[in-house]
Amino acid sequence: MIGTIAVSTGSLLVLVGLWSALTNRDIIRMIVGFTIFDVGIHLIMISVGYISGGTAPIISNLSDIGVSYVDPVPQALVLTAIVIGLGITAFMLTYAVNMYEKKGTLEIDKFEELKW
Amino acid sequence: MVEPIYLIVIALGAAFLLGLLRKTGSALQIALTLAALAGMVFISAQWAYGIIKGTTQAAEIFTSGMNPPLSINLFMGRSEAVLLLLVNSAAFLSTMYLGREHKKTSVYMLMLLLVFVVGLNGIILTRDLFNLFVFIEIVSIASAGLIALRSDIRQLGAGFKFIIAGALASGFMLIGIIFTYYATGSLNIDVITGMMSPALASAGYIGLFLVFIGIMIELKPFPVNGWGIDAYQASIPPVSALVAAGTATAMFYAFTKITAMTGGIFLNASMYIGALTFVGMNVVALKQTAARRLLGYSSISQVGLLVLVFSLVKIFGIAGGELIVFGLLVSHALAKAVLFWLSGIIGKESINDWGIIRKRNILIVAFAVAVGALLALPPFPSFFAKWELITSLAVKGQYGWIAVILGGALLEAVYLMRWFGNAVKDSFNEEDNLDFRFGTLVPVITGTAALLALGYFSANLSVFENNINWLLPAVVIVLLLLDFLPAIVKNILLIAAIAWYGYPLLQAIEGYRSIFAAIFVIGAVITLLPGFMNKGRRPGFYPAVSMMFAGLVGIIEATDMLTFFFFWELMTLGSYFLILRGKKSKPHALSYMLFSLGGAYLLMTGFSMSFAEAGGTSIALDILKTVSGSSLSGIITILLAVGFMTKTASAGLHIWLPGAHAEAEGDVSPMVSGILLKAGVFGLLMTFIALGDQSIGKINIPYVLSWIGVITALTANYMAAMQEDAKRLLAYSSIAQMGYALFGISLMSHLGWLSALSLAIVHFTYKVILFLSVAGVVHRVKTRNMYQMGGLITRMPVTFFMVLVSIIALSGIPPLAGFSGRWLTYNAVIEKGWLLQGVVAGVSGLIAFLYLFRLIFAIFLGQLKDVHRRVKEAPFWILLPQILLILLVLYLSFFPGAFLRPIGDIVSEFHPEGALVWNGATAVSEFGYWNGEAVMWVFIALFAANFALLFFLNRGAQKIKQFNIVYAAERPARPETTHFAYNMFAPYRKALGFLEYPITTKFWSGVADLMHSIAGFTRRIYTGNGQTYLLQIIVFVVISFLLSNGGK
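Chains as they are written, first to last, in our numbering: chain A, 134 to 249; chain B, 4 to 1051.
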């Protein structure tokens, strides 16, 4: 149940993120869209490894053995993915700052120097 | 052997160390970076060498002390080692190139660059899906940083588009990876490959598809790649070079891993995406003038080709496919890196400003090598790869794909050769400077040398046994290296080389090849003689001319199709460079090259088809004979014949010739007109000797060719008569003569072939003489327009005599050698019964008198122009070859049996019936006889008698001085219009002007215009708007999904 909710929320967030990246001309808003897109993907990743009623995959003492826990691999992956996502978002924002400094605008369609 | 993990350790370590060295001088920083990259080059070279030599085993590298699938593992095999060597070398050289740029930015740039290289190494080495994703992200972030190094507005825009497109693609990939993990329970590529089954492919389809399409987008497929092109254009050249050579290579390798992992279920999709990208990018590139953007187009199209070829190799199970892909990949990576580096040295935005490249000859050589490698010309690895690819596809019957690949390549040739022509010919501002320094030069030279060296090795790696004589191309290289010497020295060297190689060749070679060998070798020596007039260095001439003659000799010696094709293309390339040297020859050289390449592709297809028909084992030229009975023999004949007819410039394929031959330098025209055209005749003979009289359905191919031959002769003779330019006149005359040769061959009889072969010889003699005579005249009077000449008989009597004898020989009237060809043709026509064609040939012979008369009259007779009063006889070195050849013409005229008999013996081998019977000096055919010697004596007697008579009658005649003529009261505004030789045949033009309607030119320029408008229209999808690009990617993914899923 929780898994299903997580997957559907994640997918919804992916679509929302894409939608806002595609419809907002403002670069900052586009970046926010990408962040939502990322969060959606992370949710989907987590939910893939989820086992109903499972605990955190941490074995701290012997009594934990045999208890059902969620798949640790997606959890590890999602950590990496979050870090990468953070890096890319930071990078995009750096770009946004530089672009604003050069041109005084954040409209994506003002940056069409290169085409055809 | 250093562990591969150090590839990553060294680069990351150096990057961290650079952080500590922030405050030190830039020299130390760059030295550290270069040292790290050199170490990586060393490690990859060591592995590549060891694995290829077999002294080292491919190795798996485990991390974190556990075995996969619990940990990430890397794999170093043969492909990995070679690709790493390529990528790391490109990185090393690009860093070297950066040098000065580094001072303008900061140490962070070097750190970014190292991280970028770590990413590329990781992509190639890793066997873990998620790890692959991480490395792709590293590359993407680092390249987004490198793109915007200078932080100018274009770079920022391009970088931002690049990063959002990358984020989208990696988002898809990440979802794909997690779904794949869900379906398979593993992230290890090898484990997933092992468990892949149709059921799994179906259950995990969405995940696998998203991984596949994510990688695909990273490869920048047409038409959703505007962001990638912008990045190529905006980056500084060394970064673009690194992206083209490094990222493209690594991403392509990632694509091959994913293809293996998905069990090939997406091969159809990648095949179509690759084809679309290859052709689409080449089409849109036609209209592009920004140099680096054009290179971006070309890079992406080449990656498309790689994807297409890889998919075809896998789908059709082509043996040796790995080498094909490698040949193309390595050629592309090196060539594109060289071109990007060059674009930085040139420093010009537009491809029309590349004339400045001529300030340094070495840069032109590098440019030529890079373009040649991209176009898969010999001797580069791509040439051999393409040959294997096309022959293999033919074996599998995939002619549609052959057409796609060769058609796309021809489009690529259009813009690359046009660019090259502009660079060689366009003017430039002397004050502009090149970024020409040690750091930029070493990468360019290394890349160029590597391409040449790899070409040599790939010939040996080829699955086909070939007998390429590397001595011939080596001569070209030697002359290229000796280009600093004076022209006279190089001329002596080349003549000596040809004589040294050619003399034993002429003695050893037999059959119809010997005739062409004689024309090529003797012709080469004779036409090189005028070269002694050059006092300077004549840079670039000798490599080009030696390349052409090497090609000509090579096709004579070739016994297998690969070797033949190798030298055929070498000859084309050499003659293209030669023609391009003329002052105004730029457009003509381009059309020559394009028609020749088109023809060469037809040859390649024809050869491949016969290879496939003959069982796909032998590429010997002899197998052409064995396919003469197969169902495809008619098509093979047409492919080969049309391919060779582009070289003989038959009607419809001729538009390149008049300009190319007329605009070429004075001593080049006789080479290309008198000698080079015979290569086409040689090819046609070779084709018909092997394949014989073929038909398709009810259409007899020789019959069609006979009409093409005589129509070529008729129209070209007419066009020749209408020229004002003496060299264009001779050029059209050559087209017509080759029309006769084609007609002779198409008769498919002893006499027909005898006429064609004798025509090949005599046309060589008189056309070389005529072009040299005209060259001598042009040398003295500085114009090619005949109406600006006149009366030169008194000033240049020797040249006059040469022209007189040659036009008599050319016109085919007794007593000179040209008559033998004509006499034979008529005999052959009557024998064959093709009287209608015979009539057309006869009429065109009459028209030929018009232009021959015009030539000698307008130049030598009539009034001497005032400005030409002090004109001297042509220089000795131009006269000498003419004198030698005129002696040959007279000898052949006196003793036609001297060459008709041996040629007849050769022809009898193929057409024993209908041979001439020789009765002493008299040749007897079914329909008549001819004694050249007797005719000659009669003619001499008559001539002497008439000459004496006229001399006697005119002894008291008054000489009319030029200014005895007066104008009636007014001086004409345009004096040439009152000159008889201007528009000399105006009445004929009134009657036959429709023949001049440039139907062929219109057709071909229509084709060109159409392609360019398609390009102009299509490239508007690249709006420059980042958001549009995002939308395009999403639509592309959806459409690909629907199409690929629908196909299941």
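Hints were generated in silico from the structure; no laboratory data involved.
All C-beta atoms in this analysis are idealised placements derived from N, C-alpha and C, irrespective of residue type, glycine included.
There's no promise every hint is true.
Unchecked claim - Quick list of in silico lysine-lysine cross-link-like pairs, DSSO-like style, CA-CA up to 30 Å:
#1 B/Lys-351 to A/Lys-248
#2 A/Lys-235 to B/Lys-785
#3 B/Lys-586 to B/Lys-399
#4 B/Lys-785 to B/Lys-962
Unchecked claim - Derived Cβ-Cβ restraints for the label pairs, each shown as a range:
#5 B/Gly-57 to A/Asp-197: 48 to 54 Å
#6 A/Ile-191 to B/Gly-57: 31 to 37 Å
#7 A/Asp-197 to B/Ile-209: 33 to 39 Å
#8 A/Gly-186 to B/Pro-201: 30 to 36 Å
#9 A/Glu-245 to B/Asn-432: 27 to 33 Å
#10 A/Ser-141 to B/Gly-57: 53 to 59 Å
#11 A/Val-140 to B/Leu-1034: 23 to 29 Å
#12 B/Phe-441 to A/Glu-245: 20 to 26 Å
#13 B/Leu-1034 to A/Ala-223: 22 to 28 Å
#14 B/Ile-8 to A/Asn-194: 33 to 39 Å
Each hint, compared with the structure:
no., hint, result
1, B/Lys-351 to A/Lys-248, "holds (18 Å)"
2, A/Lys-235 to B/Lys-785, "violated (57 Å)"
3, B/Lys-586 to B/Lys-399, "violated (47 Å)"
4, B/Lys-785 to B/Lys-962, "holds (29 Å)"
5, B/Gly-57 to A/Asp-197: 48 to 54 Å, "holds (51 Å)"
6, A/Ile-191 to B/Gly-57: 31 to 37 Å, "violated (49 Å)"
7, A/Asp-197 to B/Ile-209: 33 to 39 Å, "holds (35 Å)"
8, A/Gly-186 to B/Pro-201: 30 to 36 Å, "holds (34 Å)"
9, A/Glu-245 to B/Asn-432: 27 to 33 Å, "holds (30 Å)"
10, A/Ser-141 to B/Gly-57: 53 to 59 Å, "holds (56 Å)"
11, A/Val-140 to B/Leu-1034: 23 to 29 Å, "holds (25 Å)"
12, B/Phe-441 to A/Glu-245: 20 to 26 Å, "violated (39 Å)"
13, B/Leu-1034 to A/Ala-223: 22 to 28 Å, "holds (25 Å)"
14, B/Ile-8 to A/Asn-194: 33 to 39 Å, "holds (35 Å)"
Of the hints listed earlier, those the structure fails to meet are numbers 2, 3, 6 and 12, in rising order.
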